[in-house]
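Peer 1: The lines below spell out each chain.
Number of protein chains: 2
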Amino acid sequence: MPHESILLNTERLHARMSKLRLDAIVATSPENVTYMSGFWALPQWIRRGPQAYVVWTARGDGEPEIITSTATLDLIADQDIWIERVRRYGTFHVDESAETGTDPVCRRQMELQAQPDHGDALTALVTSLRDAGLTRARIGIDEIGLMPDQLTELRQRLPDAALLPAADVFRDVRAVKTEEEIARLARVAEITERSIDAALAVARVGASELDLARAFHTQTVQEDALPVLGCIGFGERSALMNVQPSRRTLEQGDVIRFDVGGRYRHYRADIARIAIFGEPTREIRQKHRALLAGVERACELIRPGKRVADIYAAAVETVRREGIPHYRRNHVGHGIGLDGYDAPALTQTSEERLEAGMVLCVETPYYEAGRWGLQVEDMIVVRADGAERLTATSGDLMLVTP
Amino acid sequence: MPHESILLNTERLHARMSKLRLDAIVATSPENVTYMSGFWALPQWIRRGPQAYVVWTARGDGEPEIITSTATLDLIADQDIWIERVRRYGTFHVDESAETGTDPVCRRQMELQAQPDHGDALTALVTSLRDAGLTRARIGIDEIGLMPDQLTELRQRLPDAALLPAADVFRDVRAVKTEEEIARLARVAEITERSIDAALAVARVGASELDLARAFHTQTVQEDALPVLGCIGFGERSALMNVQPSRRTLEQGDVIRFDVGGRYRHYRADIARIAIFGEPTREIRQKHRALLAGVERACELIRPGKRVADIYAAAVETVRREGIPHYRRNHVGHGIGLDGYDAPALTQTSEERLEAGMVLCVETPYYEAGRWGLQVEDMIVVRADGAERLTATSGDLMLVTP
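Order-wise, the sequence lines are chains A and B.
Quick note on this note's numbering: the first sequence kicks off at 21 and runs consecutively.
Quick note on this note's numbering: the second sequence kicks off at 21 and runs consecutively.
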């Protein structure tokens, strides 16, 4: 079956599994299930509790398998999924009709529905591992998607297996993106920038944060992305790091801070821009320029092999030297992908090094409570020859005429 | 401090805690933290991993407390929260300025920031329980928001406490809504219905499922709600129970199935309607009428004290009698609130009874693979004198002229 896209970095997964001597690895969280298989399991994405898994065996040790509820088999049939084997659990009633066979999606759904029902999610997982001969194996379990009692029960039902927490293995594998992932991230970055433009297009005296948020999210959904992060704050509210849009209306001289990003085909954006409604003060210009210089310095240094901690140090030092001597910050960025905070985190204490194919948000936020918050955040890809920006606009101050 | 709204059903919570002899109960999942306190902790809502808690002690046993990361204190300060005590953990840099004191939100944020840092989420929770004298207590823990290793660690660090899983206690408490919750659910139901109308307004030959989805979500965000559930399918794709909008374009006679609902101030909608693009066949009319009759029969029977299993039986029998003799269904509805599937579930085997203040989605979906899916789903409140509809439109077939 040809696939338009593979999200999974198969080489990196197998390298990590081999290093940890894992016979299999099991994805349980929505991000990792989608990542491993292409399967977006709606109930798992919009609620906590519904379970879908991917069991991936070591190279040469058999086929990977998706485990999901019967109520989601239509999504398996309709999506571009690169895993053939599916194990279902639970009852869901869909009637066959004379016309079922003529539509390939419905036909595939009914084929899957005709397979045995494995009862419940955990039973299906246990039988999958048993059928693969893995009852005495070393198995990495993405622990984040399971409910606590499920992990306990899994240990009881597979007493001879070594079940190792593997959420961090998935984070590590996902840190280096495939080209399909980068294409989606580039698209959602563009959508987010256009959504900022759409929000600023309604900026006028008396317009509220909510007015700008509506315009922002409208552009996002018009481009087939979904709203996720929508921090838009004016004036003193721009200093609230997680500011949620309110009825506060625009006044001359206000800072407008955006820390925003939607989700497009499951991939996240996270971009920050500062607009000024009117004329910026000299202090705002200077401090913003310092923050932008910090991001630019970080981007200059980005290349494969570079220590993350060095990027952190250079960004913070630059901001301090260029205009905010007391600048302090836990991190100056993070990976982004299916999750808004993928690996690596750009911190002072990290021992990681950059690798080609990482996609990073590089950011230098600065908050003065009661006055304003300023922030530059860009999305970039680590390429062999340096940082490739996914954002089309620079992080310069955006001036809006009242 | 006056509060515009309390989501929590305090009486019901204390009754359940008393019945289970709980000295305290701890919310850990985003829904339950918001429910108990009014606090919407952004990182916890958009990602898995970030932790915020509410510790609620038995009546007369001290004040409840919110536990959250320092990086979210602005949200505490800016939101309408009915818990005064906050325990923070972790580092986040916000600078004070001469103007901090003039803005009440920033002032509150900096007051909270000036409190001690309790290190990490679990340490903050353990010290909170210790400070409340609960190290040997019976404590209900909402297990769904914790990572598996966190529950294990909590047991190790509180070896003399009885830690009981309590996610089901929260589900049970949340089943009976307060008036503020009902008001939000009514609003999101209205928004969802208007979004269906907006989608149908762009229905024409050649319009795609994606075109209708864009119009749907645009209306939703224009009314300050966020997209969550957006199943919109045409023709044979309407038979896919979780259908995600595609490029499939409208043709004469197509069924258009909506199973949709956004989130407004954290509260969900879930409504289904069927439109016909052109003239419905006699079979579609008849089967749809049977499904609608099932919902209407269920709604007629709804009142406090009624057995859920009886509602199920009456709805299924009605659908069978009125036109789909082979009709089968796991449930004919479910509660709705902060979660899309609140308690109770309207199943054959439930031993629950309805109570005044429950908000239910009553639904009778029917899928014929390869042909179409038909569905009626309404949102109602259980009142002393019966079902009060939150939907303005009937579930009748909506006829769209090509």
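Just so you know, the hints here were simulated from the structure itself, not pulled from any lab data.
These figures come from a predicted structure and were not determined experimentally.
For each residue, glycine too, the CB sits at the ideal point set by N, CA and C.
Careful, some of the hints might be misleading.
[What the hints assert, rightly or not] Derived, one-sided and incomplete: chain A residues facing chain B with beta-carbon distance under 7 angstroms: (1) D100; (2) I103; (3) E116; (4) E163; (5) T198; (6) I202; (7) S228; (8) D231; (9) R234; (10) Q242; (11) M261; (12) R391.
[Said to hold, decoys possible] Calculated Cβ distances over 12 angstroms to all of chain B for the following chain A residues: (13) A61; (14) Q99; (15) R302.
Peer 1: Going back to the hint list, which numbers does this structure go against?
Peer 2: 1, 2, 5, 6, 7, 8, 13, 14
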